[in-house]
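Trainee: Here are the chains, one letter per residue:
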Amino acid sequence: MNRIIALLISTLLPLVFSHHAVAQTQAYQLGMGLKVNDGFTLGGYFSTELVQGDKVKEFIVDDVAVMAYGSFDNNFSYLIELESIEAYAVNFESDTTASNLPPTIERLYGDYKFSDNVSIRIGKQITSIGYWNLQPINVLRETTSNPKYSYEMFPKFLTGVDIYGYTSFDDDLTYHVYLQGSKDIDEDNINIKIDSHTGFSLEKEINDKWKMGGSLGKFAEIDDTRTRYFQLNARMDDSRYSLISEAIINNQDVRGLGSVKSKAFYLQGEYRVKPRHAVITRAEYFTDGKTATQDKIAVIGYSYRPVFPVSLKIEYQWHSDSGDNRLLSSFSVLF
Amino acid sequence: MRIATLLILLMLTPLLYAADYAVVVARSSQITRLEIDNIKDIFLRKRNFESGIKLVPVNLLGDDAMRRNFEQEILQMDRETISRYWVSNHFQGISPPATQASLLSIKLFVERVEGAIGYLPLEMIDSELKVLYEF
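First to last, the sequence lines map onto chains A and B. Under the working numbering, the residue at position 304 of the first sequence is numbered 335, and the numbers go up by one with no gaps. Under the working numbering, the residue at position 10 of the second sequence is numbered 48, and the numbers go up by one with no gaps.
Hints in this document: simulated from the structure, not taken from any laboratory. Among the clues, some could well be false.
Far from chain A by the CB rule (all over 12 angstroms, computed), these chain B residues [unchecked claim]:
{"no.": "1", "residue": "Ala56"}
{"no.": "2", "residue": "Asp58"}
{"no.": "3", "residue": "Ala60"}
{"no.": "4", "residue": "Gln68"}
{"no.": "5", "residue": "Thr70"}
{"no.": "6", "residue": "Arg71"}
{"no.": "7", "residue": "Asp102"}
{"no.": "8", "residue": "Arg105"}
{"no.": "9", "residue": "Arg106"}
{"no.": "10", "residue": "Ser121"}
{"no.": "11", "residue": "Val125"}
{"no.": "12", "residue": "Ile132"}
{"no.": "13", "residue": "Glu166"}
{"no.": "14", "residue": "Tyr171"}
Taking lysine-lysine pairs in the DSS-like style, the calculated list, with each CA pair at most 30 angstroms apart, reads [what the hints assert, rightly or not]:
{"no.": "15", "chain 1": "A", "residue 1": "Lys144", "chain 2": "B", "residue 2": "Lys78"}
{"no.": "16", "chain 1": "A", "residue 1": "Lys321", "chain 2": "A", "residue 2": "Lys187"}
{"no.": "17", "chain 1": "A", "residue 1": "Lys305", "chain 2": "B", "residue 2": "Lys84"}
{"no.": "18", "chain 1": "A", "residue 1": "Lys240", "chain 2": "A", "residue 2": "Lys294"}
{"no.": "19", "chain 1": "B", "residue 1": "Lys92", "chain 2": "A", "residue 2": "Lys242"}
Every residue gets a Cβ at the ideal spot worked out from N, C-alpha and C, and that includes glycine.
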């Protein structure tokens, strides 16, 4: 893995220091990355979290990531992201600390655009399912926590091929057809370890405010669990209100257990009291047929952004099991 | 008398709503016309091609009245929303359109760069440019 990272860095460095690159360097703007030239923009992000509950009291430097992207000609572009997940953690219950600084490859892909109707992305990428999964980092969310829907039900990442674009028969309808036939690159931080995944998703922009879509697919875990999923998503964005909802049903064939069904749903509302201040509420339902567990979660939170790429958040979660109730706060920045 | 008043009002209406700016491409471009939704998608980098050509949208640098007008009339977004949009897209590896520091440099950029599309005051538009949309 370190060899891959070294190779990537040695490939990207000439782009940074080329004469062409220096000539076009633009002024840095927080949250937009440092654009050296069309072939190289450098960015990154980090987040810290403080979690306090009956069962957990910890401080985490959760994500420390650098990313680079750019395009080489009219049609080809790339993105690489290296991330240290849970880079540093202090557990106040056990009075221990842990660090995990070596970065892993979070994303590594190339895109080739044939047209607006057909593009192809090859490499490790975020799976094109729903909305939450496509904006997975703390600073882009309005809550510190993620709904269980987003990390328990489908693989967040895809190491494979995604063919995507606008459909030719509807200007407001986009599609993704994705395929994975191997294990993930750097699978240590993958939420569900798989060795195959196929699926497709559709997204319709109904008007300036409303969007909706869905996905259908199947994946096989390395423990031989086979899952078929059907997912739906809808969102509304207004200048002061946002509403987002996603739901998924999984039919699973589990070795030694037979066929089981898992479901997850969330509905989140956001009201921007003032341009930089928002109040957020979320209701979640989650049932896992494989582990025979169920949870209902209610979240209320507050988000303050002095500027959009800087986020301060606090939230309280109520769970079906009150022992899991917790207070979460976070600070995150996108560079 | 009433008919005369009506006629005068009808004649004045176009003056009241006359466009000040236009979205333009080079005269040699194969693109002949774009709807407002297409232009919006191009400047938000949702769409990248037209008539088989990769498009290169160009914005005026800074906070000029013309850029504000373009954002309100074409993008139909305020600065805060636009800023949120590009910050979110930065994470996806998508950058905002290129910028040019002056109207003259936009004009030259559109004339000389294949696929370039920009916006200019009507009085700056000459035979080297083709108007796609007035606003």
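Trainee: Evaluate each hint against the coordinates.
Mentor: Comparing the hints with the structure gives:
no. : hint                  : result
1   : Ala56                 : holds, 26 angstroms
2   : Asp58                 : holds, 24 angstroms
3   : Ala60                 : holds, 23 angstroms
4   : Gln68                 : holds, 15 angstroms
5   : Thr70                 : holds, 18 angstroms
6   : Arg71                 : holds, 15 angstroms
7   : Asp102                : holds, 16 angstroms
8   : Arg105                : holds, 15 angstroms
9   : Arg106                : holds, 17 angstroms
10  : Ser121                : violated, 6 angstroms
11  : Val125                : violated, 4 angstroms
12  : Ile132                : violated, 8 angstroms
13  : Glu166                : holds, 23 angstroms
14  : Tyr171                : holds, 17 angstroms
15  : A:Lys144 <-> B:Lys78  : holds, 20 angstroms
16  : A:Lys321 <-> A:Lys187 : holds, 19 angstroms
17  : A:Lys305 <-> B:Lys84  : holds, 29 angstroms
18  : A:Lys240 <-> A:Lys294 : holds, 27 angstroms
19  : B:Lys92 <-> A:Lys242  : holds, 27 angstroms
Checked against the numbered hints given earlier, this structure breaks hints 10, 11, 12; the rest are met.
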